[in-house]
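Protein chains in written order, with the working numbering: chain A, 232 to 344; chain B, 78 to 192.
Heads up, some of the hints might be wrong.
30 Å max Cα-Cα, derived DSSO-like pairs, lysine-lysine [unchecked claim]:
1. B:K99 / A:K339
2. B:K118 / A:K273
3. B:K118 / A:K336
4. B:K99 / A:K289
5. B:K118 / A:K289
6. A:K273 / B:K113
7. A:K302 / B:K118
Please keep in mind that the hints were generated in silico from the structure rather than gathered at the bench.
This one's a predicted model, so the numbers in the text were calculated from it and none came from an experiment.
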Amino acid sequence: GENVEQHPSTLSVQEGDSAVIKCTYSDSASNYFPWYKQELGKGPQLIIDIRSNVGEKKDQRIAVTLNKTAKHFSLHITETQPEDSAVYFCAGYSGAGSYQLTFGKGTKLSVIP
Amino acid sequence: ETGVTQTPRHLVMGMTNKKSLKCEQHLGHNAMYWYKQSAKKPLELMFVYNFKEQTENNSVPSRFSPECPNSSHLFLHLHTLQPEDSALYLCASSQDQTSLTGELFFGEGSRLTVL
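The task is simple: from the sequences and hints, build the whole structure.
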């Protein structure tokens, strides 16, 4: 089955700086990679996703890049703000045989004002 | 109400108790999920129901018993739990299981503590 590794587990940045979170996956058949943000006391919420036919996707201050050859994808947050502080999860989905997402362990991002 | 609602938000129970977690979604989705979230571990998928039929059971111990009476409601019945079952239990829904359009909608979770 799919295995998703996520790094780093914790990340602290100054407000206004950029943050990058990286994930690797094992199943070359995986074709869909979402990122979820979980704020304290809440459930995870989808913030951006990318499919394997696209190398990069951007939505305002967040972007995701995908390298299929190397089997890794990354979340980029620019001009970080205190409200970006949360736990971020990457996930992979192969859809082959088992229709379920495999999540990484999460990255706790702290944005220091 | 909108979205996915879970009750109770917090639950403390002894190992011999029987309790249930409830999830309700108001999104018109056909797939519902139970996930377990423990500290420093990935989200663990427990059960999936698609159009009220259980389609996934990820080797979950029988002390956890799911029930899906209709596409809008999902229960997780708990009995004779162990302290290591203490975790945040998240319910989620999606349009349906096989056409994963990209979004799982999660509830805020039920924080379970087993004494």
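Evaluation of the provided hints:
1. B:K99 / A:K339: holds (28 Å)
2. B:K118 / A:K273: holds (17 Å)
3. B:K118 / A:K336: Distance ~5 Å between K118 of chain B and K336 of chain A Cα, so the pair holds.
4. B:K99 / A:K289: violated (36 Å)
5. B:K118 / A:K289: holds (28 Å)
6. A:K273 / B:K113: Distance ~14 Å between K273 of chain A and K113 of chain B Cα, so the pair holds.
7. A:K302 / B:K118: Between K302 of chain A and K118 of chain B the Cα gap is close to 21 Å, so the pair holds against 30 Å.
Consistency note: the structure conflicts with earlier hint 4 alone.
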